Structure formats: structure tokens, C-alpha cells
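Chemist: Use the sequences and the hints to build the structure in full.
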Amino acid sequence: MKAHTSPFLETILGVVSRFRAQRLEIVQLLLVLAALLLLSTPAWSQSVSFHPDIDLLDKEGQNVLDSGRPVSTVRSCGECHDTEFIARHSFHADLGARSFDRVPAGASPYDRGSGIFGRFDPNLYVWFEPKDPAAHADTTFDDTVLRPKTPGGVDADELERWLDQLGRWHVGGGPFADRMEPNCFLCHLDVSDNDARLRAMERGQYEWAATATLASTGAVVDRNGQWRYNAKAFDPDKSINLERVRILDPSSRSCGQCHGLAVDGSEPVEWSVGMKNPRTELTGEIFAAQKLYHTRMNLAGKRDLTRPWDVHAERLLDCSSCHHSPNNPIFARESANTKPDHLAFDALKLSIGEYLRHPNHQLVKGHSSAQNLANGLDGSMRRCEDCHDAMNEHAWLPRKERHFRALSCEACHLPEMHAPARMQTDWTVLNQARGPVVVYRGVDGDPNDPLALIKGYRPVLLERRISDEQRPKLFPHNLLSTFYWVGGEPQQPVSVELLAQAYFDESGAYHEDLRKALDSNGDGALSAEELRLDSDAKTQLVSARLQALGVKDPHIVGEIQPYSIHHGAAGRGWATRDCAACHQQEAQVVSEGMRVAAYLPGGVQPAFVTDSNADLRGSFQRADDGSLSFVPERRSGELYVFGFSAWPWVDLFGLLMLVGSFLGIMGHAGLRVYHARMGGS
Amino acid sequence: MSRQLVVIFSPLLAIGMALIYFVLSAEQAEAVKDAPWDYMPAQRAHVPHASFLTGPFERPQDVTKRCLDCHPEASREVMKTSHWTWIAEEVEGLDGKPLGIGKRNLINNFCLGAQPNLEMCTSCHAGYGYDSNDFDFSDELAVDCLVCHDSTETYRKKGGGWPKDDVDLVAVAKSVAAPGRNNCGACHFEGGGGNAVKHGDMDGTLHHPMPRNDIHMGRHDFRCQDCHRTERHEVAGVLTTTSESADAHVRCTDCHAMDPHHNDRLNTHASAVACQSCHIPKVALDYPTKMAWDWSTAGQDLPEDAHHYLKAKGSFEYIQELIPEYTWHNGRVDRLLPGEPIDPEAVTVINRLEGSIADATARIVPVKVHRGKQPYDKTFKYLIVPKTVGEGGYWTEFDWNQAFELGADATGQPFSGEYGFAETLMYWPLHHMVAPKEHALQCTDCHADRGRLNWKELGYPGDPALYGGRKRADLLADDIEAKP
Chain A
206 MKAHTSPFLE
216 TILGVVSRFR
226 AQRLEIVQLL
236 LVLAALLLLS
246 TPAWSQSVSF
256 HPDIDLLDKE
266 GQNVLDSGRP
276 VSTVRSCGEC
286 HDTEFIARHS
296 FHADLGARSF
306 DRVPAGASPY
316 DRGSGIFGRF
326 DPNLYVWFEP
336 KDPAAHADTT
346 FDDTVLRPKT
356 PGGVDADELE
366 RWLDQLGRWH
376 VGGGPFADRM
386 EPNCFLCHLD
396 VSDNDARLRA
406 MERGQYEWAA
416 TATLASTGAV
426 VDRNGQWRYN
436 AKAFDPDKSI
446 NLERVRILDP
456 SSRSCGQCHG
466 LAVDGSEPVE
476 WSVGMKNPRT
486 ELTGEIFAAQ
496 KLYHTRMNLA
506 GKRDLTRPWD
516 VHAERLLDCS
526 SCHHSPNNPI
536 FARESANTKP
546 DHLAFDALKL
556 SIGEYLRHPN
566 HQLVKGHSSA
576 QNLANGLDGS
586 MRRCEDCHDA
596 MNEHAWLPRK
606 ERHFRALSCE
616 ACHLPEMHAP
626 ARMQTDWTVL
636 NQARGPVVVY
646 RGVDGDPNDP
656 LALIKGYRPV
666 LLERRISDEQ
676 RPKLFPHNLL
686 STFYWVGGEP
696 QQPVSVELLA
706 QAYFDESGAY
716 HEDLRKALDS
726 NGDGALSAEE
736 LRLDSDAKTQ
746 LVSARLQALG
756 VKDPHIVGEI
766 QPYSIHHGAA
776 GRGWATRDCA
786 ACHQQEAQVV
796 SEGMRVAAYL
806 PGGVQPAFVT
816 DSNADLRGSF
826 QRADDGSLSF
836 VPERRSGELY
846 VFGFSAWPWV
856 DLFGLLMLVG
866 SFLGIMGHAG
876 LRVYHARMGG
886 S
Chain B
417 MSRQLVVIFS
427 PLLAIGMALI
437 YFVLSAEQAE
447 AVKDAPWDYM
457 PAQRAHVPHA
467 SFLTGPFERP
477 QDVTKRCLDC
487 HPEASREVMK
497 TSHWTWIAEE
507 VEGLDGKPLG
517 IGKRNLINNF
527 CLGAQPNLEM
537 CTSCHAGYGY
547 DSNDFDFSDE
557 LAVDCLVCHD
567 STETYRKKGG
577 GWPKDDVDLV
587 AVAKSVAAPG
597 RNNCGACHFE
607 GGGGNAVKHG
617 DMDGTLHHPM
627 PRNDIHMGRH
637 DFRCQDCHRT
647 ERHEVAGVLT
657 TTSESADAHV
667 RCTDCHAMDP
677 HHNDRLNTHA
687 SAVACQSCHI
697 PKVALDYPTK
707 MAWDWSTAGQ
717 DLPEDAHHYL
727 KAKGSFEYIQ
737 ELIPEYTWHN
747 GRVDRLLPGE
757 PIDPEAVTVI
767 NRLEGSIADA
777 TARIVPVKVH
787 RGKQPYDKTF
797 KYLIVPKTVG
807 EGGYWTEFDW
817 NQAFELGADA
827 TGQPFSGEYG
837 FAETLMYWPL
847 HHMVAPKEHA
857 LQCTDCHADR
867 GRLNWKELGY
877 PGDPALYGGR
887 KRADLLADDI
897 EAKP
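Chains as they are written, first to last, in my numbering: chain A, 206 to 886; chain B, 417 to 900.
In case anyone wonders, no lab produced these hints; they're calculated from the structure. Computed from a predicted model, the values in this text were never measured in an experiment. Heads up, some of the hints might be wrong.
[To be verified] Listed next, the in silico SDA-like pairs over lysine to any residue satisfying Cα-Cα at most 25 Å (straight line):
1. Lys496/A with Glu756/B
2. Lys496/A with Thr684/B
3. Lys605/A with His678/B
4. Lys853/B with Ala600/A
5. Lys507/A with Ala664/B
Modeler: What follows is the structure, given as C-alpha cells:
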């Protein structure tokens, strides 16, 4: 007989029946079962790790079981891999520190770098104080950051503040290499414990962050805020047993720990608000194989949402399938720009061994409309057309080449986002948690309320020129407005600390005059709808308080950042394939604008950022409810959409043809009549 | 003038032809690969029979007699089928002689066997009076037409296959029509003695199913015979628990194309995976089905619960929303025959599904695996069937020895007087409760870490999505033999 019960399961069943017969206590039975589960390798576990056992070493090269000191990944992993190389070159470790104070053209005046280290992201609301340009014209990154005491450079306190506020997205190394080594475990351990890592960082135990990531393996335990090694989780030779601790290529879950919601298990997808999952928060992108209805989210029409959250996740791809290491011999390919014309395939590649010694962690990337980090790598990743032969598909689509010239794959295959996304971040007011008021699109009511109905939203299509293609293509985007106070000389955003002083008294309550001004319904409490500066009086009140705190010329600015959307792709059955969606006068897909703000704090009209690669030509429309929408210029824009666009010269040409034809016919007929009357010869 | 007409209409004609070409070429490109409706048998128009069957009918046989007045071949046709004979096919017996096997004489690991218990089991026989081995299988008037053709949904049978006392024979007879799901379901949905007990993929929800219960019956209102095509009362299909043959299986490809998906990668699965494996992700959706039956615990005065323990029957395990197990199957079955020796220390497979990864005709199929612990003769080392119902039966006397002796009298398999309980296993391939395609399995259900298929047990070196299928991995016996 073919055994269909695994030996493991049979063992359990056997023990269960014996325990039943002996009528032992259920608690004992459960304990035995738990022990069996812990000690047995699941028969269905199928991923293979060839990684040898690891000796966890501290910075001195001593086994951590002996020293009790934090694990040094540089020493431990460096036994085989060139960790110095890995820590030195990757933008994940660098986060823009390399380009500090060399910001690209069009950057925000508050940017001092192009990564999250140095770039002012109003959603995160963290920035570095501007340096004095005269005093530091010749300073370098090393001067300003690595030697933070340099006058006018970045102060050590500022670095600490950055680490405290944004360190959760930093894998280690780079500007903080002396505090936090690159955390190899965070990405390469299949059970990395990010919660433990964050706990260590919150306590300021940065040197323990990588070690804490091992907590889920049992090798280290959090005992009263101190990290202690568990010798039982180690082999007798003091190495880590990799039968239970698997070191693998980064999974989608690994990437998702910092980038956005990525679920590679089978558990229902669960969404929550906050910048913990930034891509999901900003665009609604979720990378998961589960079908949409397999979620705890209260999705509208959930029962009929039978597509997966992302068709690529469903087809077993993970983040590294597209965002791979550039020298991974499995995926590596030479850029079309540098590839010799006579070669279709270059067989010269690193051997697996060489690659494992020097794995390039400068992961390949696309062309983001919202990021300027590592722009040199733009377009290095595999895009849809690198794997899919769209011309061999889409049999239903007429004039395929024309469509593919004008449309990105995402334009049709991301017709709708099913998770909410931010529409507006308002730092002109502070909520009770000292955070901004955030307005989401795609959800009815408070997104924190599990009963709020999530309807999703349709991204707006904006033209963007990517790669070396000549023509721009339409890509789906979310438009997010942010509003904040600026002031001082030179102008910079008003810090949360100052804002908090402006809004709250010493007891933590809103200043009474502010509360009265904002409390529209007079119930004594300030709801999210009331926390907005929607009149001059309210704005002036806050402005006066800021001035009283020493902020010179405080005023509100607003900016709109387009976020391109690439994840959460739908398969063929769910993609846009209705011709009328684009090719008619009322075509929603091409004509529809997008609401960018539910209200305008201080009546300030936001402006688009100036460093995006999206075509942001269009008009703003203010609705009666005070909201602001952006409508891209499409009807007479560069892109001619048959049936929708109205180019005046095309109309004129058509009219001329009509008139010409009419005149021609009339002339011809007239001549014939004339000819007949004249006798015909 | 005619030249002018040619000049004017030629471009129009050319434009028109070009348009027609584009439309036709677009249609061809979108040509539907899978056209199941083209293969659906046409349903005959119903002829109301009320005026032909006015009664009165003293006995149910009188109804049959009236039916035969107009359908004189009907009884003889029914009498050739396993619904009547309870013999599915002829195989080679243990003594080398031909042996008819079927529900009549085979042992299972639910109620164990019909032979000593005919007075109850035959409530699902398509005849009247089969309550002992003396039943006259040649009596045309004993054929029960009504059990399959009643459309009042009031016709119910009792022991021996007789209609229950409260059945209105005239009303039922007047209602006769082509069989509906209720007719087949009266027995097949209740297999094992209750709703959903035996099959897992057939239960009472299929009387009036939702699409999620079964796409064919729930969305398209299929009747059983739309797939189990019936000619002269011979219903197509094979019950893999009572026969060994692979000949008469109903197949998805009777209607669907072998490559029905738009995705080539999905179509290539068809060479190794049965349609059911992906399209029946779960069974027993609304009612739990029995997964294990331990007869050895019967007879104790323990708290009783129909889903856990009954003194008459022993202990049970039930599961709702059952995720199937998966195994290779080439359509053939190695069936345990009456009197066939077993190893009581090992798990005896009562109906071993033949096929393996090396068998090119085998596919991975979803199965419900029912595990039993049932009586065997310690001396003769074969499974034995007790008499459970009726006079002297275990369910009233709770005396195993008496029940086995009475059982031996009925089956002809001697009982030594010493009995024990051995572990057994039966496979129930799953064919019904086909989910809407949107709910079919996805890649990650099988190919991701901890997917529902255990590739190593199925014979693969690893996940075929990464290692390649059995052909690429050189695992097919034919390919190996074909090598020089």
C-alpha cells in the first residue's frame, strides 16, 4: 500500500491512541504533541537550503555562546561571503548616504540626499538640518556624516533621531555601520523575527538588532530586556543547526518586512493602516498569492473577487524574481545599452561559487516615479516584456503594436487597487498621537475600523517615459498630497516638537483656544473631520502660536507626489479589455481624474513635486465639498486616443476633406452637366 | 455607367471584404478551445404519464406491470445492470475461476458487507423483495421503476427494497419522468447510512445545489445522467470501490477538451494531473463526511453521539470541508476479494488504486481516504462480515461471535470462532463537488512551500515546478524502456 500518512503523522496518531488507552491527562498529551512538532521536520517542507551550519561569532571572532556578545554578521557570514563588499556597495545599506548633499535637479529644498537617508519625505516627516553652504562647500559625505561633529554638518543627535525614526527600514551598515552591521538574517532567514529586531532598536540596542532577528529560531531569547543565548538551540560544536534555521534567497516576506505587505504563506491577507508597510500604505499594492476573497479585510463584493492579489505571486514568483542581484548567474543579463549587438546571449557569467562569495546586493530596479535613489540602476530589472511575449497573446486586441507603444502592461493589468491607499497627509495639524491627519482613498469610513467597507480605487493613468523608449507610456499612479508648515530662515518644515508645543498644553490636551476653534460640533472632542485648518481664522490661530514659538513667517505648503503602481497585477480575466473603456467620448479610464485632497489646509493649493518623471500636465478642479481633483490633460494631449481625443487639426483636416469631397463632387457634376449642355463632344 | 459603378463600388467592396476579414480573423484568434456544450447529450422532451398510470395499484409490482405494457424491454434492460445484479463485473477469483464481484459480495470498511444484512441494505436495491439470497433475479415484475423515475420526491424505500407504507403508488406512478438528482441521490447521497457519510463528494446539498457545491449541477442544473450517460438503462460510470475495471469511467474529457485552458502551462498539467485535482479543492462542504470507523470499540456503554461514538457501531471521525489526499491512479483497481488473506499487523488496502509516477496512463487524483478498524478471522486471516441488522444481529444482541457465525452462514466464508480487529483503508476518488473555476486550486496551493502535494511521496525528486515533470525527470517507465 502506498502510505498516505507521513511517518510523522503516524507517530503522532500512535502516541495519541496509546495516551487515550492509558487515559493520561490531556495536558500531558498536548505537551508530547508539541514536543513532537518541534522536533520533527515537516515532511511537506520542500525548499532546500544547502547552507552549512553557521558559527555565530562576535566582532572579535569569538563564538557568541562563549562571549555573550552580539553576533557580528560581518565576522560570522564573512567566513564565506565577502561581507565587507556586501556592506560597502549596496543601496540598501547606503540608503542614499553616498549621495548626501548631492541631490538631483528638481529635488525638494529640504532634500539632502536621494534615499531615505537625507531625502525629505513628508509622509515620514524626517529631514536633516540644512548645512551652511558657504562653510561647507568642499565637504564630503565623510565630513558631514561620518564625522558628525564637523561644524555645520549633521549633528550626532540628528543621526540618532534619524535612526530612531527611520531605522526600522535600515538593514544596517552604511551611515550606521559602527552601530548596526548589515543584518543578513533579516533578508535571508526564512523565519527572521522582525518584531524582535524592532524591539531591540526601540530600546536603543542597535548592536543587538541582527542578533534579535534570530529570536524566532530559539537561539536567542529576550530576558527582561536583555538578549541571552539559548545553548540548547545550538549544536554541540556551538554552531547553529540549519535543519531548523533555513538560510535562503530572500523571500517576498523578507522584502515585505520593510517595503509593503507581501504574504508568502497561506494565511488570509490582513491589512492595517500605517507606514509600517509603506508601499501598501502609499499605493494599496499588496503582493500575495491568496485570492482577494481570502482576506479578513471587509472588501466590497468580496465573494466575487476571485483573482489573486498578485498574479505573479500566485504563479510562484517572489520579489527577487524580478529584483534580483545583478550578478546572479541565473538571472543576470546584460543591459540592452551595453550588450554587444552581435550577441543574443552572453555565456560569460560568474560561477555559482564566485557569485556566492561576492553577491552583488545592488538589486536591480525599475523607474520609480517617486524615488531618486540609485538612479543609475533604473531599468536594470526585468520588466513585463522581458518575460512575456505580449504580441503572442492579446489575440482579441486590434493594432497590438500601437497599443503596446502607448500603454504599459500595468495600465490594463492594474485596473483597480483593492486595498485603500493614502490620498492626503496633513501635518498642519496633529492628532492626539502627535501624528498627521491622514485621509485614505478606497475606503468608506475609518480604515482602522474593521467594519469600514473597502471599495478600492482606480489608479489614474499618467504618461511616463521609461528606459530609452522614445514615446512615453501610460502608467497607473496614485496621487498623494501632503501639507505641512514651513518657516524660519532658511525655510524648513516646522518640527513635530514645535507643532506639538503649538497644539498641546503641558497636560497633553489641545490648547483651549485651538480646541474651541476646531470643535465644529461643540461636543468637546476633536474628531478627524474637525482636525483641519479649513478657515483663515483657524490657520491664523496656529500661525500665531508658531510665531510665538519663534518660527519666522510660518505658512502652509502643499505638494503632490505621484506614486507609480507596479505590483498587484491581475491576470487576463481581470485586466481592462473593454474597448469602450478608452475609445469613446466618456471613456473613464483615460478621462477620469483623481481626487488629491479631501480639503485644502489653509486654502493652500498643492503643487506637484518637481523631480518626478511622470507627465503631470493637467488641471485642478475644486468641488463643492472643498475637495481638489487633478484631471490629466488627455483630450488634446500628445497621446491621441482614437474615439476620445479631440485634436483640433484632425477635426479641421476631416472637415476640409469633407468640404473638399463635396466640392469635388459638385464640381465634377457641374462639369458633366455643363459638358452635356454644351453638346457632349 | 457600368464602369463608373465599378469604380465607385470596387473600393467599397474592398473595404467591406477587409472588414469581414478582420472580424473573422479576430474570431478565429479568439476561437474557443473548450466547447463542452457541443458534447452534451440532448435531453428528451418529457411525456406526461399521468393519463397512462391511473391505477389503482395494489402492489408496487402492478406499477411495473403497467410500465412494461408500453416499455416491454425495460425490465430486461435493468436486469442486466449492476443496479439490479449488484455484481459490477467478473474477475479472476482466488481459485482462478471467474468471480462476479460487486456490492452483493464485497467487503468494505463502512458497514462491512451487505450479504448478511440484505434486509436493510437492499432498501437501495432497484427491485422489490431482495431480502435474502433466495431472491429471484429473473422476476421482471420485481424491477422497481419508481425509484429512478418518481418525480414527486415522496417515494421512499424500506428493507427488502419495498416502498414504505405511506407511499401513494398512484401519485408516484403518475409522476414518472426522466430521473433527476433526487432519484439518484436518494441512495448515492446517503451512502454509508446517512447524508454525506460515505462519499464526501456527494451529499444532500446536491439536491438543490449552489454553484459552489458543484458547478455542473449548481450553475447549469445538470442531472446525473448528463455525465453518467445512460443507454438502455445501463448507467455509465465505475465505482472504484466495487470494481477493478478502467473501462467505463465517466471522464471530464467526454465534454471538455484535453487542453481547455488559455494558459499552456496549465494544459501541460493534464499529462500528469487529473482535472479533479485542481477543480475539486475541497469536498464535504456543508456536511461532514466520515473519515474513520473503528468497530473494535463497539458494544461499550459510553456517551453516544452520531459523529463520535455509537454502541452499535463503535467510534468515528468526521471532517467537514475535507481537503483531499492525492495519489496516482490509472483507472484500474486492485480489489480485495472475499476470503483474500490479509496481514492483520499491517494496514490492509481494500481497493488499491493502481498506477504510479512511472505509469504514463496514471494521473494524480484527489481521494478521500477512509480508515477503518474492522473484524477479521484470526485463524483464517481474512476479513469477516458480521450480521448486524435484524434477528440475532450485533446491533441488537451485541454478541460478536453470534454475529460472525450468522454472517458466515450468509457469506459462505467459514468463521473459526476467533476474531480480532485489523486496520484497513479504502480510497474514494472524488469526482463531484467541482468548484467554479475561480475557486480551483492555484499554483501556490501545490507548488509553494508546504503545498498540499507531497512530491517526494508521489515519486518526484522535488517540486516539478522547479525540477521538471516526470517526463523531463525521466521517470516514465515507457521512456526508460525505449532507450537503447
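Chemist: Could you tell me which of the numbered hints above are not met by this structure, giving the numbers in increasing order?
Modeler: 1 and 5
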